[in-house]
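Undergrad: This note's numbering numbers the first residue of the sequence shown as 145 and each following residue consecutively.
Hints were generated in silico from the structure; no laboratory data involved.
All clues given are correct.
In silico BS3-like pairs for lysine-lysine, Cα to Cα no more than 25 Å straight-line: (1) Lys400 x Lys498; (2) Lys400 x Lys425; (3) Lys498 x Lys431; (4) Lys389 x Lys425; (5) Lys425 x Lys489; (6) Lys425 x Lys446.
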Amino acid sequence: MMIKQLTYAMVAAAQLVSCHTQKPTLVVEFGDIKKGRAFLYDTKTFTTDTLPIRNGSLVVRKTIASPGVFNLWIDGIQEYPRSFHLVLSSDPTVVSFDRLIPIRETASIYDIYPNRPSFRRDPNRNEAFYAYQGDWLGFYDTIMRLSPTDFTRDTLLEERKAVVLRFRAKAEERVAENRERLVSALILEHLHRENLLPLETLQQLSDGLGSDVKQDLFLDPIKLEAGFRPGTAAPYFELIDSQGKSHSLEDYIGSKILLHFWSSTCAPCIQEAPTLLALQKGAPDLKILNVSLDTDKTRLLKGIERAGFDDMVNVCDFLGQESRMVQDYGIRWIPACYLIDESGKIVAKGELSKILGYF
Numbered sequence: 145m146m147i148k149q150l151t152y153a154m155v156a157a158a159q160l161v162s163c164h165t166q167k168p169t170l171v172v173e174f175g176d177i178k179k180g181r182a183f184l185y186d187t188k189t190f191t192t193d194t195l196p197i198r199n200g201s202l203v204v205r206k207t208i209a210s211p212g213v214f215n216l217w218i219d220g221i222q223e224y225p226r227s228f229h230l231v232l233s234s235d236p237t238v239v240s241f242d243r244l245i246p247i248r249e250t251a252s253i254y255d256i257y258p259n260r261p262s263f264r265r266d267p268n269r270n271e272a273f274y275a276y277q278g279d280w281l282g283f284y285d286t287i288m289r290l291s292p293t294d295f296t297r298d299t300l301l302e303e304r305k306a307v308v309l310r311f312r313a314k315a316e317e318r319v320a321e322n323r324e325r326l327v328s329a330l331i332l333e334h335l336h337r338e339n340l341l342p343l344e345t346l347q348q349l350s351d352g353l354g355s356d357v358k359q360d361l362f363l364d365p366i367k368l369e370a371g372f373r374p375g376t377a378a379p380y381f382e383l384i385d386s387q388g389k390s391h392s393l394e395d396y397i398g399s400k401i402l403l404h405f406w407s408s409t410c411a412p413c414i415q416e417a418p419t420l421l422a423l424q425k426g427a428p429d430l431k432i433l434n435v436s437l438d439t440d441k442t443r444l445l446k447g448i449e450r451a452g453f454d455d456m457v458n459v460c461d462f463l464g465q466e467s468r469m470v471q472d473y474g475i476r477w478i479p480a481c482y483l484i485d486e487s488g489k490i491v492a493k494g495e496l497s498k499i500l501g502y503f
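Turn these sequences into a full structure, and let the hints steer you where they fit.
TA: Shown next, in the form of structure tokens:
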């Protein structure tokens, strides 16, 4: 009996020593916070650790079998929705903050995301995500300043389009550079959540990731949204056009339909308008419905005139992203198209260039 008790005591002591000697998986150093607490959420296990900040730093010792995504937030500085995203593994990561500014939920994107971590040791390339986040903050700020409040400025939509294309190209480049690392999934998840890339592009980028990375749960929303495979029954709709006439899916059974989702403030939508008009002329049996995501009637009517859609069917409920039809068809990026056959089943979906292959 005494021998068993001694053995248990030795094992417990060994485990205690092992716990204290395990190398850190994360060290965070603060320049202006000496004590307090932080929280670390594990997206794989759905568990949150409360971490004490002592002498200006916190240390995390966890067993991490494979790289995973964690969310870190500091009490009094930000809450969970604005947490820092970190890819951690058994190889230690060392992060530092010279100064932490409490988050303010204002109209300025820089007040919402005022803090940027520096990495003294970064085996999982977290700096790639924060470089991407810096691109996004600049993009968001620029787009807001180029918001179309006055259509007399003819260059505005072209300026917005150029900003969008530059951002998209840089984001795709950052994903490609890190295709074998989990941080690429983190970037793609943000691009998807903020509606910054078409679903087809997101799927293509996801397919190009390393085999281990593409299995990560952060890519699940992109996989789930794929939906609506060819042969799927098109969701029912009924909307009023700019002339006050009702249009429903039932009205078009027996004809091939193209639903074209767009808005008057979408530069790529206006850019592809001539292609859509040429398709209408070349395929007279095709019924095209322009479904607008606009929320202002005056702006929509000006957009219809600018795009040359005057003689087409233009429907809108002025609810924007809250529109039942937009939600039913899973529209997160415009322009977007659905080609529906004579029986009301989906033939194809995606960008107009893809749809053209069916004619």
